[in-house]
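**Q** Protein chains in written order, with the working numbering: chain A, 1272 to 2192; chain B, 69 to 457.
Derived from the structure by calculation, the hints contain no laboratory data.
C-beta atoms are modelled at their ideal positions from N, C-alpha and C, and glycine is treated no differently.
Certain hints may be false.
What the hints assert, rightly or not - Here are the computed distance ranges between Cβ atoms for each label pair:
| id | chain 1 | residue 1 | chain 2 | residue 2 | range |
| --- | --- | --- | --- | --- | --- |
| 1 | B | Q243 | A | D2115 | 54 to 64 angstroms |
| 2 | A | L1876 | B | Q315 | 36 to 46 angstroms |
| 3 | B | Q243 | A | D1953 | 53 to 63 angstroms |
| 4 | B | Q315 | A | Q1877 | 32 to 42 angstroms |
| 5 | B | P197 | A | D1882 | 40 to 50 angstroms |
| 6 | B | F213 | A | D2115 | 46 to 56 angstroms |
| 7 | B | E178 | A | P1945 | 23 to 33 angstroms |
| 8 | B | N104 | A | D2115 | 11 to 21 angstroms |
| 9 | A | E1878 | B | P177 | 21 to 31 angstroms |
| 10 | A | L1876 | B | E178 | 23 to 33 angstroms |
| 11 | B | P197 | A | S1689 | 48 to 58 angstroms |
| 12 | A | D1882 | B | Q315 | 34 to 44 angstroms |
As the list claims (entries may be wrong) - Simulated coverage check for chain B against chain A, where a stretch passes if three residues somewhere in it have a Cβ under 8 angstroms from a Cβ of chain A:
| id | segment |
| --- | --- |
| 13 | 95-105 |
| 14 | 127-140 |
| 15 | 145-154 |
| 16 | 361-368 |
| 17 | 389-397 |
As the list claims (entries may be wrong) - Which stretches of chain B does chain A cover? Using the computed rule of at least three CB atoms under 8 angstroms from a CB of chain A, they are:
| id | segment |
| --- | --- |
| 18 | 108-114 |
| 19 | 380-386 |
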Amino acid sequence: MTLYIGSKTLLNLNSLKQFIGILFMLFFMFTKPAISQTIDSLQISKTYKETPITEILDALKTEYNLNIYYKQEWFSEALYSGSFNNVPVLTVLNRVFENTQLIYLNIDDNIYVIPRDDVALILRKMTNQNNQHDLLKEYTVIGNLSESGKHKNVKIKGLVKDGATGDILVGSKIIVENTKFYATAGYTGNYVLEIPAGLYRLRIISMGYEDYFIDIKAVSPGKLNIEMFEESHAINEVTISSERTNKNVTRNQMSVIEMNARTIRQLPSLIGEPDIIKSFASMPGVKSASEFGSGINVRGGSEDQNLFLLENSPIYNTSHVMGLLSVINPDAVTKVSLYKGHIPIEFGERVSSVMDIKIDDPSISELKVKGGIGIYSSRLLLETPLMNKLVKFKIGARSSYSDFLLKQMPDYNLQNSSASFYDLTGSAFINLKNNPINVFGYYSYDYFKYASDYSYKYGNKLYSLSWTHIFNPDFSATVIGAYSNYAIENEDKQDALFKNSSVSEIESTTGKINFEYKGIKTQNFQMGAQGIKYAINPGNRVPVDYSQSEVFNSENESGYEMSAFFGDDITIGPLFSFSVGLRYTYFSYLGSKTIYSYTKDAPMLQENMVDSTSYSHGESIINYSGFEPRASVKYLISAKSSIKLSYNRNKQYLSLLSYTAITTPEDTWKLADPYLKPIIADQMALGYYQNFQDNNIEASVEIYAKKLQNLTEYRNGAQLKFNKHIETELLNATGSNYGIEFLIKKKNGDLTGTLSYTYSRAWKQTDGNWLVDMINKNERYPSQYDIPHDFNISGNYKINRRIRFGATFSYSTGRPVTLPEYTYNLGYSKLVYYSDRNKYRLSDYHRLDISMSIDESLKKKKNWKGSWTFSILNVYGRKNAYSIFYQKDTPTAENNYQAFSLYKMYLIGMPMPTVTYNFIF
Amino acid sequence: MLNHNAKINTYMVMIALTFLIFTTGCQEPYLNTNLNANEHIPVFNGLLTNIDKLNTFKLTYAAPYTQQQTEGIAGAIITIEDQNNRLIQLKESGNGVYKLPNGSADFSPENEYIATIILADGSVIKSEPIFWNDTLPLANVFFDFNIKTSLVKNSAGEYINVNQEGIFVKFKLQQPKTETVYYRVNADYYVHSQKWISRVGEYIIHEPHYDIVYEIRYDTLYDIYEGFSNVDFPVTGELFPYIEYDQSDLTVSALFLPADNECRNFSNYTEDNFIEWLIPIDLYHTSEQVHNYYSNVAKQLGASGQIFDPIPDQIIGNMHNETDPSEPVLGLFDVVSVNRKYLQIYVYESLGYRSYQSKTLSDTVIKQGWYPNQFYVDTVFIDSLPVNN
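Extracted from the complex, chain A is given alone in its bound form (with noise of 0.2 angstroms):
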């Protein structure tokens, strides 16, 4: 016979004796009028000397009116001794049961006593362990009881979704307590998970919800649905936070940065909305190139040293008018990752980190409408299943309506000018049992003109289908194709006689295969094969109209990437665990093609030039290959407590060539040729990672250390464009960067924040044997990356459930720069000689952020929901330097109309209010 408190087992009795004195307890439990204060309120002061205990508990109840049900002869004469004073009633009741077989239950303020002995007996009966369970414990029976002892084993299956919305969580982890088992929710929020039959303590895991205990009887095969729920408190504003558990501690990856859909709505914006990649700048290592500068620099690398995968595309420009916004419509992104070091075998292609978005949502499970409306621009994002829930679909736009406010400027030549963008997102899940499919389109479009002088028109166009076969819960391969491409268009119609349009391209198409096996226990299995076909325009000129400007067609790159893979996570025991990779990639480099060659004896200018060799289309022209080891250690401390290693190798065949110190439209993507070698990077990370106060504080410190090869380094005054001997403006170097990163997260509270601090360096050195080949006389000097101080730190402040505050402080060292130094004349011009590359820095880089949010009504059953977002950005009104330049002075009589001075250009100049409107229906 069991016993139930609602839907927990309370006992297994096997005798009527003791069921009829449960029952003579619940009786009373339905008669007895409630007491009138609480009972964790209530103060004892009373001394017993050798009194009964029932005396005792009847007093109790006569005196305190409380609830107290027992069994006469459960107590024989048992006595008690002991003098209270203002003591709790329960602390008194521990104390007087303390030395007796018997022990209460406090059930809604009324109390039940029960013999300690014929719980535990049965108990002990029902574990196969010698666990001290808490005989109190509440345990969930999986299978049908009277199977009991009939199964060594038991299966548990379940589904694990959203306790308030009903949405799956994909990805849950089912974790066995002080075991080795553990299961995983797959596409559709189910899992299954095969244990021993007895008594285990489960623990569930769902980035963004709170972890879920549940206590459990594994007695036969049956089901166990979990509902997890998020914290009832809005998440922090700028914190990128992973799961609320001690995932950073335990798990093998190392160097990495995860955000999640809910984390990503809470990001502070600079104009309306959350910028994605811009965030990731508060953690410690990256950095963004500047206020409104497109990509991030990570570990002192440069932008394109990053991998921005939106679905298993890539994207080769990040950036909606000049950097002013992200290319990725924040409502439309469920999850992101950032690997700055330790890169999954999975990911190669670039040296410095990876960026991998995803946007689809097997847990969409009804129509739902949210966008936003700001200053500059607006969105608005569609979600919705179809198909009887067979298809999950998302589609979103971003538009801009920046002609308005240029029309309101002053100058005639912003009233003529013109910035806008547009972009669409859309995927479709399809929920094919064993056989999930994902579907991805992108495009975007950014057109920026000056006056009638210049305009730009530019875009990315993403296209990627990912198919994963389930073989069974342990064996799954995906398959991945991907399209790529960015385009830009460019028109200078200022000198009339050379009125000129020129357009370039870089294309690429992908395909992937994954298998992953899960079948050892201690193991987990992955390999795989890539192949990447590029094909890169660097640049066609035509004259427009009847002008005089010369064609230029450049001739076309190709080139073809692939990669074989395969790694492992291997633990050993509960404390120490290893991954081993082995990657291998092969980049050919193809025509058609003219390869000009050099003298030996001179520096490679376009003068030296000896021989031109011309390659067909298709034909390989030099081939490049080499493996990329990857490995790391985890040694597990305590649950709070670990240290990691890891080393990675990563090559890199494509490079984007920027003569400046932030990629603008004039840059261009360049493959690897005989003469532009493969960027190489070793990079080597140690961690200690420790938890506080029960996760809820985590702290980190990482220290790595990066040797580069290969980078590329531009002459003074390089050509780029338009150049058919781009090879000879480009110089060889290579770079060593290294620091060390530290980080408090604090989670959950009314006050909650990050905080961070790295120490950084990134040196470059040249190599050439002329001295036109050498930067600074091939001596080390700082990259434009180069930061050795970087501190952030933000928190937010929760009122209530509805209303919080937010404050973010950011400093970091000045970036380096190339300054005048001297001053001469020529005629009555005055010149200037700059000094050593990035032998300056601008000046130190500060501000703080402030905001206040009033999020969306809590109310479930109301339809229409809205936030607001009230900021104010550079509060004290620094002028942060964004560049340093020599120009023209006012022209004056005084100065002989010929001054030339240095000047700082600043952003953001002074307090700038912005505020954000939310909605989702």
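Chain A is already provided as a structure; the job is to place chain B on it using the hints.
**A** Coordinates of chain B only, in the frame set by chain A:
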């Protein structure tokens, strides 16, 4: 004017972006407090031409950026050598200025020249060989009235369009037939004004029984010459034989003379005033290397805000340090043929109407003669006129 450079596109786009996005974005002067400029970098600017007055050789040290004055280098031995190893040593005349002993008489076109400098510390600086090209034809010098629009920054720091009325002095080049031509243009000017002033003096003779007032009238001629150096950066350009140029494409503007109040205000001009501008126009036939040098200089001078920090173009001349090749030497040694023409523009005022007349002169002597308004102007020897700022 006839050049095209993709780099300027980037600069202009980036300038526009600054204005475009941020009304709160701005510029302010920046002082490099960490300036570390303690090296002695020699600067040699030498120009050898067929016109003696234009030959200049100056040797200085580059000054730290925060200082305005450069320091002349004394005690250097500067020689110019031709391809036949004929050597001429320059004479030092003080403050880093060196001169040819006999002017240009010792030199001729169609030869190659190298300048060598031996500094007092023994360092040897040398130029690359420069070939002296023959002169370029300079035909049809003229002027017209027009408006010049410039983007200038006012005292409030705002960029505004400034329109100036004035005279553009132009000339026409000729289409090259076989080889690319690189040229440079400079034009100074003189203002010559004459004004007749009538003075009236009177005196009174007291006779025993009547007063007599006598009036004496006499005229005074004020003859003023003012010379101005054109401080604008020289116009440079290139002409390609394979491009078919329109006449307007071959027209080069050598000088812009903004109209001042006196020019525009009729009432200040009377029949008693004579104004003329004497404008020598120099057309240099230079080399591709020197043309590129001046183009790079123009880029540096024309840069108005490189907000994305492109790597600065270090202007490299044609001088190098033979003693220590890693040490920089700045400046340029150029050998050019100069074709000079003179344009004379004078004002004719009559019955409240004014017109401008002009003559093109190929001589440095403007002969005397009568001009409209019955002005008689003496012979003017242009070469003898000083040019002042």
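**Q** State for each hint whether it applies.
**A** Hint-by-hint comparison with the structure:
Judged by the Cβ atoms, the range 54 to 64 angstroms given for Q243/B and D2115/A holds: they are separated by roughly 57 angstroms. Checked against the hint of 36 to 46 angstroms, the C-beta distance between L1876/A and Q315/B comes to roughly 38 angstroms, which is consistent with it. Restraint check, Q243/B to D1953/A: a C-beta distance of roughly 60 angstroms satisfies the suggested window 53 to 63 angstroms. Checking the proposed 32 to 42 angstroms range against Q315/B and Q1877/A shows it holds: the Cβ atoms sit about 34 angstroms from each other.
The beta-carbon spacing between P197/B and D1882/A, approximately 26 angstroms, falls outside the hinted interval of 40 to 50 angstroms. Between F213/B and D2115/A the beta carbon distance is about 54 angstroms. The supplied range of 46 to 56 angstroms therefore holds. For the pair E178/B and P1945/A, the beta carbons lie near 42 angstroms from each other, so the given range of 23 to 33 angstroms is not met. Remark: the range hint 11 to 21 angstroms for N104/B to D2115/A is upheld by a beta-carbon distance near 19 angstroms.
Between E1878/A and P177/B the beta carbons are some 25 angstroms apart, a value that agrees with the proposed interval 21 to 31 angstroms. Checked against the given bound of 23 to 33 angstroms, the beta carbons of L1876/A and E178/B, roughly 28 angstroms apart, stay inside it. A beta carbon spacing of about 51 angstroms between P197/B and S1689/A agrees with the range 48 to 58 angstroms that was offered as a hint. About 43 angstroms separates the C-beta atoms of D1882/A and Q315/B, a value consistent with the hinted range of 34 to 44 angstroms.
Coverage of a stretch by a chain is defined here by at least three residues with a beta carbon nearer than 8 angstroms to that chain's beta carbons; for the segment 95-105 of chain B and chain A the count is 10, and the condition holds. Counting residues of the segment 127-140 of chain B whose CB lies closer than 8 angstroms to any CB of chain A gives 8, which reaches the minimum of 3, so the coverage claim holds. By the rule of at least three residues with a Cβ nearer than 8 angstroms to a Cβ of chain A, the coverage given for the segment 145-154 of chain B is violated, with 0 such residues. For the segment 361-368 of chain B, the stated coverage by chain A holds: 3 residues have a C-beta nearer than 8 angstroms to a C-beta of that chain, and at least 3 were required.
Check result for the segment 389-397 of chain B against chain A: holds, 3 residues qualifying (beta carbon to beta carbon below 8 angstroms, three or more required). Given a C-beta distance limit of less than 8 angstroms, the hint that chain A covers the segment 108-114 of chain B holds, as 3 residues qualify and 3 suffice. Counting residues of the segment 380-386 of chain B whose CB lies closer than 8 angstroms to any CB of chain A gives 5, which reaches the minimum of 3, so the coverage claim holds.
Violated hints, in rising order: 5, 7 and 15; the structure is consistent with all others.
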